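Please model the entire structure based on the sequences and the hints provided.
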Amino acid sequence: MAFPHFLRFYAILHALAFALQFVRPDLGALLEFDRSKIFAGEAWRAVTFLFASSAQTGFTPMAAVFAFFLLVITFLISDSLEEAWGSFSTSIFYYTGILSLIAANFIHGTPLVGSTITLYLTAFFAFATLFPKFEFRLMFIFPVEVRIIAIVLGVALFLTALQNFVAFPLYLFAVSNYLLWAGIPALKGQARVARSAQRARDFKRRQLPEEDAFHQCSVCQRTEHHKPELEFRIGSDGQEYCSEHLPK
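Mind the numbering: the sequence shown is residues 285 to 532 in my numbering, read in order.
Quick caveat, the hints were computed from the structure, so don't treat them as lab data.
Owing to the predicted nature of the structure, the values given are computational and were not obtained by experimental measurement.
Check the hints yourself; a few may be wrong.
[Stated by the list, open to error] Pair by pair, the computed Cβ-Cβ distance ranges are:
| no. | residue 1 | residue 2 | range |
| --- | --- | --- | --- |
| 1 | Phe323 | Pro427 | 44 to 52 Å |
| 2 | Arg517 | Glu429 | 24 to 32 Å |
| 3 | Leu443 | Met285 | 31 to 39 Å |
| 4 | Pro427 | Val397 | 26 to 34 Å |
| 5 | Leu354 | Val331 | 37 to 45 Å |
| 6 | Cys504 | Glu429 | 42 to 50 Å |
| 7 | Thr444 | Met423 | 18 to 26 Å |
| 8 | Pro531 | Pro416 | 47 to 55 Å |
| 9 | Gly473 | Ala348 | 37 to 45 Å |
| 10 | Leu360 | His499 | 54 to 62 Å |
| 11 | Pro469 | Ile401 | 17 to 25 Å |
| 12 | Met423 | Pro288 | 31 to 39 Å |
Glycine residues also receive a C-beta, built at the ideal position from the N, C-alpha and C atoms.
Next comes the structure, spelled out in structure tokens:
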């Protein structure tokens with residue numbers, strides 16, 4: 285089931301389909317998702333909608349340059365994900381994304397906005413999750429970490445999806461490959477790091493010798509090392525107490 289460099293071939297096929305739709309604008313209508321027509325026998329629409337485009341912007345030199353750099357970035361993301369996950373796991377990631385997107389469109393009945401770029405977006409967010417400090421140069425000058433771009437893009441997409449609140453769960457389902465492969469594991473990883481750091485701090489406090497403590501409660505024997513937020517006071521008897529055992 286492994287398909288090495290799947291996203292590379294997918295992007296090239298997408299570029300060819302996009303170019304064909306410039307030559308024949310009516311081709312886009314034949315590729316678009318239409319559930320009723322799929323059930324009527326036009327089964328190809330269940331897949332070809334991924335490459336459908338209205339191609340209304342026109343083919344210009346600037347559009348060609350922009351498309352070229354998008355391909356370069358896509359190739360970079362493709363190679364990076366395969367290096368991190370391996371060819372098999374990365375292929376399953378793409379297959380899951382495509383099948384989830386197809387299922388979400390069937391459930392919705394009409395094409396979900398952004399269906400043609402959803403697979404690229406999930407790959408980009410996975411890349412940003414795995415390599416958050418990788419830098420792109422905006423306008424070839426300003427270095428920006430990919431995690432910043434991902435956060436801004438994620439917020440924009442979230443707000444866009446909220447505009448169609450009924451379909452919002454379907455948008456989440458359509459990006460389930462990202463959630464399963466990168467999003468949820470990243471959150472679990474952060475939680476493990478936080479727990480490990482807390483255990484390390486607790487262990488370090490327990491290892492500190494009591495004689496190094498500046499304060500010590502004469503009742504519970506705790507020091508500032510046991511609980512840094514404790515406050516200590518001298519009682520009327522001249523003994524030191526923590527705020528919890530200070531005599532009234």
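Pro531 paired with Pro416, Cβ distance criterion 47 to 55 Å: 53 Å, holds
Looking only at beta-carbon atoms, does the pair Gly473, Ala348 fall within the given range of 37 to 45 Å? 40 Å, holds
Given a hint of 44 to 52 Å, does the C-beta separation of Phe323 and Pro427 actually sit inside it? 50 Å Cβ-Cβ, so the 44 to 52 Å window holds.
Cys504 versus Glu429 beta-carbon gap, inside 42 to 50 Å or not: Given about 47 Å between the Cβ atoms, the range holds.
Take the C-beta atom of Thr444 and the C-beta atom of Met423, compute their distance, and say whether it sits inside 18 to 26 Å. 25 Å, holds
Tell me if the beta carbons of Pro427 and Val397 are separated by a distance inside 26 to 34 Å. Once the Cβ atoms are compared, 31 Å apart, the range 26 to 34 Å for Val397 and Pro427 holds.
Assuming the hint says 37 to 45 Å, is it satisfied by the Cβ distance from Leu354 to Val331 or not? 21 Å, violated
Taking 31 to 39 Å as the hint, is the beta-carbon distance of Leu443 and Met285 inside that range? For Leu443 and Met285 the Cβ distance comes to about 36 Å; the hint holds.
Is 17 to 25 Å respected by the C-beta to C-beta distance linking Pro469 and Ile401? 24 Å, holds
Taking the Cβ atom of Leu360 and the Cβ atom of His499, is their distance within the range 54 to 62 Å? 56 Å, holds
Taking 31 to 39 Å as the stated bounds, is the beta-carbon spacing between Met423 and Pro288 within them? Given about 33 Å between the Cβ atoms, the range holds.
Take the C-beta atom of Arg517 and the C-beta atom of Glu429, compute their distance, and say whether it sits inside 24 to 32 Å. Cβ of Arg517 to Cβ of Glu429: about 48 Å, so the range 24 to 32 Å is violated.
In summary, the numbered hints that this structure violates are 2 and 5.
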